[in-house]
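> Join the two chains, each given in its own frame, into one complex according to the hints.
Quick mapping for you: the protein sequence lines, in order, are chains A and B.
For what it's worth, my numbering labels the leading residue of the first sequence as 1, then goes sequentially.
For what it's worth, my numbering labels the leading residue of the second sequence as 1, then goes sequentially.
A portion of the hints provided could be inaccurate.
To be verified - Mimicking DSSO-like on lysine-lysine, the simulated pairs with C-alpha atoms at most 27 Å apart in a straight line are:
id, chain 1, residue 1, chain 2, residue 2
1, B, K116, B, K76
2, B, K299, B, K321
3, A, K311, B, K299
4, B, K146, B, K113
5, B, K114, A, K164
6, B, K18, A, K311
7, B, K334, B, K363
8, B, K487, B, K199
9, B, K267, A, K300
10, A, K163, B, K146
It is worth saying that the hints were derived from the structure and are not from the lab.
Keep in mind the model is a prediction, meaning the values are calculated, not measured.
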Amino acid sequence: MNDLVLFLQLAVQLGTPLLFATLGGILNDKVGNLNLGIEGMMMVGACAGFGVAYHTSSPLLSIVTAGVASLLLSLLYALVTVTFKGNQTVTGFAITILGTGIANFSGESLSGLTLSPSFIRIMGIQIIPVLINIPILGTVLFSQSYLFHLSLWLAFGLYFYLKKTNYGLIMRMVGENPAAADTSGINTTSYKYIHIALGGLLCGLGGAFLSLVFVPRWQDNIVAGMGWIAVALVIFSTWNPIKAIFGSYLFGLLRALSIKYQNISFRIGNNDISITSQIIDMLPYLLTIVILVLTTLSKKRENQAPAWLGKSYFREDR
Amino acid sequence: MATDDYVVMQNICKAFGKVTANHGVNFSVKKGEIHALLGENGSGKSTLMNILAGIYAQDSGTITINGKYVDINCPKDAIDLGIGMVHQHFKQVDVFTAAENIIGGHSRSLFIKKNKNCQKIETLCARFGFNLDPRKMTYRMSVSEKQTVEIVKALFRGATVLILDEPTAVLTPQETTTLFETLRNMRDESCSIIIITHKLNEVMDISDRVTVLRKGESLCTLNTVETTPEQLTELMVGHAVNLHIPFRKINEDKKAVKLEIQNLTVKAPDGKIKLDNISFSIKSHEIFGIAGIAGSGQKELCEAIAGLQTADAGRILLEGKELISLNPSERLGKGISIGFIPEDRLGMGLAGGLTIEENIVLKSYQAQKSFFMDHRASRKAAELLIEEYQVSASNTKQTVRSLSGGNIQKVLLGREISQNPTLLIAAYPVRGLDIAASHFIYNELNKQKERGVAILLIGEDLDVLTSLCDRIGVLHEGRLMGIIDAKSRTKEEIGWMMLGQKAEEHHAKSC
Chain A
1 MNDLVLFLQL AVQLGTPLLF ATLGGILNDK VGNLNLGIEG MMMVGACAGF GVAYHTSSPL
61 LSIVTAGVAS LLLSLLYALV TVTFKGNQTV TGFAITILGT GIANFSGESL SGLTLSPSFI
121 RIMGIQIIPV LINIPILGTV LFSQSYLFHL SLWLAFGLYF YLKKTNYGLI MRMVGENPAA
181 ADTSGINTTS YKYIHIALGG LLCGLGGAFL SLVFVPRWQD NIVAGMGWIA VALVIFSTWN
241 PIKAIFGSYL FGLLRALSIK YQNISFRIGN NDISITSQII DMLPYLLTIV ILVLTTLSKK
301 RENQAPAWLG KSYFREDR
Chain B
1 MATDDYVVMQ NICKAFGKVT ANHGVNFSVK KGEIHALLGE NGSGKSTLMN ILAGIYAQDS
61 GTITINGKYV DINCPKDAID LGIGMVHQHF KQVDVFTAAE NIIGGHSRSL FIKKNKNCQK
121 IETLCARFGF NLDPRKMTYR MSVSEKQTVE IVKALFRGAT VLILDEPTAV LTPQETTTLF
181 ETLRNMRDES CSIIIITHKL NEVMDISDRV TVLRKGESLC TLNTVETTPE QLTELMVGHA
241 VNLHIPFRKI NEDKKAVKLE IQNLTVKAPD GKIKLDNISF SIKSHEIFGI AGIAGSGQKE
301 LCEAIAGLQT ADAGRILLEG KELISLNPSE RLGKGISIGF IPEDRLGMGL AGGLTIEENI
361 VLKSYQAQKS FFMDHRASRK AAELLIEEYQ VSASNTKQTV RSLSGGNIQK VLLGREISQN
421 PTLLIAAYPV RGLDIAASHF IYNELNKQKE RGVAILLIGE DLDVLTSLCD RIGVLHEGRL
481 MGIIDAKSRT KEEIGWMMLG QKAEEHHAKS C
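The following block holds chain B by itself, in its conformation from the complex (with noise of 0.2 Å):
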């Protein structure tokens, strides 16, 4: 081992009851340097992390910094030690001020000191060239913001070793160009910075070095100009993958309009528009995608078609059928059929605690005619199930929580192809799968989308949106900013139209 390494991990195993997360771990940083950590999801990358950072013990292994051995046993030997994490949920208050965020754990005087603690916290970002207002409520940030508050409170405890956990999945491309700008600074003053990843040009454009787990192990450690995209693919998910989505033009002559949204308008409850004036059409045969910084109004556009948010304004039609008014069920009596993959699978999507045979048969119990459940048919109707989307279930009467990240999605997704739907919402459908299970789930949409189906796809990796949808709707703060065809534009076009310019603005300035 390099004797400049200022961070070693050697040897760490940890296991979550019969799951292990990290077995035999090998992992080291230096002074002065951006090192990736590189793997799928579940390959332990972020358990390895929040062992460093104290959150969790290891069960065995040895941690080193600067060459002394040091028990990390909870978040404040961490901070102690001058390591600070930005997680990938958020660690903060949304009723607290960014300063106060900041602030609060750390300052032992008995009173607050508001404006000299923003004055410190001003010179700090002034040092790093952060844009933050500390007297800002949190809850008022974007999500770009809330990170800044993240890395700053590291900072602001001292640490120089600072460790990110995805730090790009919610951002848009010129964030991310802004949030790496501000990490090589920080990598000029030394500091160490470890930046978990499962994005190949992020690593390559980033990183000094990458090191990649796969189950649990770490595999190696590369220097990154030494090493192509295609290697650490291979490394990553153990054989050689073809990372290209197939995307196939269909005759427009085929096409009709099956979605027609006309000037919708959606508040929340307290009165704050989510979604303003929106008006687009879907056709069979399309995958219609929208992308948008998060929050932007994506979850009310579905909830809204899928009868669950109260529109406040405005039609939505489908195959000529007024949607708005009529409910759930009203809906299935009508016949029409509407797949709907909800951002959050167990919540809105499947429930947990039922197998997979009654997840299955809770769309379509009413069709059902006698009292009791006919459960040899709802068994058939999973195991078919099963079958065809290749889920590792052990049998039928598996609960579903119990299921992988990926199973989970396969089970959701089949129940709702199963009722022939004429339109298919899929809101972050491969968020948390591997790189198998995502493409699994890309070659099943496009699939409905060569039967027919017009698909309504949330997504929030724009190389996933381009390679995918025919075309591209934008949101920004609940406006739509513009519906692009996918292949004529470049992801930072729709990264400026995610930050709010509009289309025609963008494309006359580039002119």
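Extracted from the complex, chain A is given alone in its bound form (with noise of 0.2 Å):
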């Protein structure tokens, strides 16, 4: 029992990433931007707070270092992408290089290194009295720690943002089709730019928490295509920030299942059969092909992609 309730726990734990990226991500496809460069915007965060992290040991510091970095990082991809129209998906394989890139060759003098224990106090977890107390759920979601509720509370918000306020409506309206937005006499472009922006801010937290909480080293690589499970992550969630909470914590316990259990053998008959640590490694990429074949096959109108996603706008086209 107490096995199980840790073993949710740390799924929950490697959800948390995947959850602020897909939200990072969910905000640039809303409002018309397909963003496949979210492991390069995760890395650098990572980089880039973990750097500061280290330097100074101050948590909100590095937090906002990281979530700034990779924002600087996705306005060059709102620049290419909006200011010059260029294609997408090219911008966004280009900027997951380059991001992939220039944490690994900035991050080279931080790896060994280990931050102080009081800065690993107070971004690891924290036990929240009393509800501690709740069983089960209790361990799962109150002994995590501050970055795992700022994920769940940003998910809230993003969905009541998204659904209730008009500005909201706004930039789903640039989404689906920027020349009704337009000729409403919306500035398309500051939309694109701000969300984008923002959305880049989101992965750069995913990326924190990887470097700062979960590990909290610098390696090599230390998003390890995380990124690309939340492009796929969003699509599994329709776009709905609710639903890509299931979704994350769904991928943490197939990561959770990889880590735990490196083996797992059993017997059929005279037969032992066990399934090797690579097999079950592949688990959440084979998930990943399979619920988007699944939901490609969904057929609500409410559920399919923005319908400008992956365009550019230009007024004078005709």
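In structure tokens form, the structure reads like this:
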């Protein structure tokens, strides 16, 4: 029983960076910009956050730096795709390669370093009194880091923003039909810039969670494909931040499986069957493919991708 | 210039690259007036109005409103000046409700006040006599409802000058009457209404004044009561034209059934029924028209016959041969020849980036034996086509995309006819073409009819359908409401069928 609870707690921890990145991806997609640069933005966030954390030991400063660093990278993406109307797919890939490169290069001098114990104490797991006593959920949800709580509140906040506020309505309008927004007197360019930047910031926080809370060290390629899983999770969640929570923790669960159980063996009849860790490691990625196929079967109009996703908008286009 | 003009546009020039769309255009509209802007496709009507609505910026020229010079740099400037435009392609989000489309970008409060918004919209609708449910999702709406959303959206933003770009192109005669009713209401509330059109009967019916544009220049502004359709056509085209579409009746015993459709049912991928148990037949020497509101199953019908869409039930027989289950290349093998002019010419019909030559050979390259293309043969075919159909192209190596709409259609029609089809399917073949090019296409269809081809013509202009076709089938939400003799029914009767009444029902009522 206790094992199961600890396992779930780990799953939620592993799902948290995915949740940050997925929320960032949703913000980008909803305003009409396909973001394939998530992986690179997470890397930059992870690296910048760790660097500042090592030198200053200030949790707030390091988190802010992580967010700002990947925000800057997302502004580059916005410049190319919004102002210069560049191809979003290619630009996204370029941002991933660039971000990963910058982070691994600058991180060279950071590997092997450890953060101060006081920093780790603040960023690490916090036990919330009273609530911790709730059976199972108490441990799973209330012995987690502050960043975990932030990600959860952000998901609810983002849902509320998209569905209930006029600004959310307008930004969805920009993503669905920029011409409709434009002829309604909306500055589509600034809406795109703002939401792409905020999306980048969230991706950076996802990276920071890895280097400051979960590992907490600098490793080469620390994000290790999580950004790509987030790209899939954005689609899986049908651009809905609440569903993104469940999607992220589902993938967290699979990652937890491969960490906790390096080898699974059992008997069928007289045969010993053992599943190697490599197979288990593959599961999240396999599931990504399966889920993407399954979600394309969804037919409800409201669950489809924003109609103008991936396309540039020229007002004078004829 | 009269002093009671409210909006005045003077000497407007606008070029897109090398193409001059507006050249020194003058235009003005008064308060409480319905003003028609008349001109052929490509005469610069939409460009001029897009400049007024802030979508395009003019290269030179001035705009005054109420005597004051104004700068309109973006749509927001236009909205602030009380100018609203209903574009030909509606600028709305399908997955929004009517209210969300109307409010979006207008309300500056943080939270969406759903009920208050809906109430405001309902009040506005009541004032002008619109019938609109603000909570309805846009993708569930008919074209005419979507248009209402656009008009209400403009009024909600305080428009006193309303521009409508070809508003009746997709409406039934009944819907057009209702629209004109509301436009007159709005005029009486001292709105200025500008209606872009190329339909003369509408100009005569609704407008107070009319301005004629030709090739990017404004020719004149006339009071509608002082002019005639003949005079307007001559102004619009530049020379007198015969607007009559010829029809030749062919003796019944020369005709033989070519295409037979039996109980055809087609479903969309989401399971929605697009064609519901349709049966009809087309004979040789016959043009069979399909009328219906856009999206009533016309596309599915064409594509099912052309073999691009799988049928869920029913049979399609061409000269007795079953077509369902044969893909296009199997059809070619069996010597089945169907000419198809799809709705989306450059999407499905031709490859815009390829040359005229290459496009012509696309359908017959399989007949060439060698591995390498025989360019001489395809060039010859292209030269022949250009000559026969009077395509204005500099040479056969010009890309199709760089041709004008009329010439693109000629290349497509020419290629399809050169295959000697038994059946020719033409979906909206004159959409976007000018009068001369349209008449060229009508004549070509008539020629094919006389040669004995069975023709399926999908149309939107009922005047054209009734004069060109022998018989007309009317579709409503995927059901065939009846097949009628094109010469014995009025447009209004067809309109009622398009709205869902059976042929017999209406006939019984009117008897």
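> Now look at each hint and say whether the structure bears it out.
Going through the hints against the structure:
| no. | hint | in the structure |
| --- | --- | --- |
| 1 | B:K116 / B:K76 | 24 Å, holds |
| 2 | B:K299 / B:K321 | 22 Å, holds |
| 3 | A:K311 / B:K299 | 26 Å, holds |
| 4 | B:K146 / B:K113 | 22 Å, holds |
| 5 | B:K114 / A:K164 | 9 Å, holds |
| 6 | B:K18 / A:K311 | 26 Å, holds |
| 7 | B:K334 / B:K363 | 15 Å, holds |
| 8 | B:K487 / B:K199 | 21 Å, holds |
| 9 | B:K267 / A:K300 | 16 Å, holds |
| 10 | A:K163 / B:K146 | 22 Å, holds |
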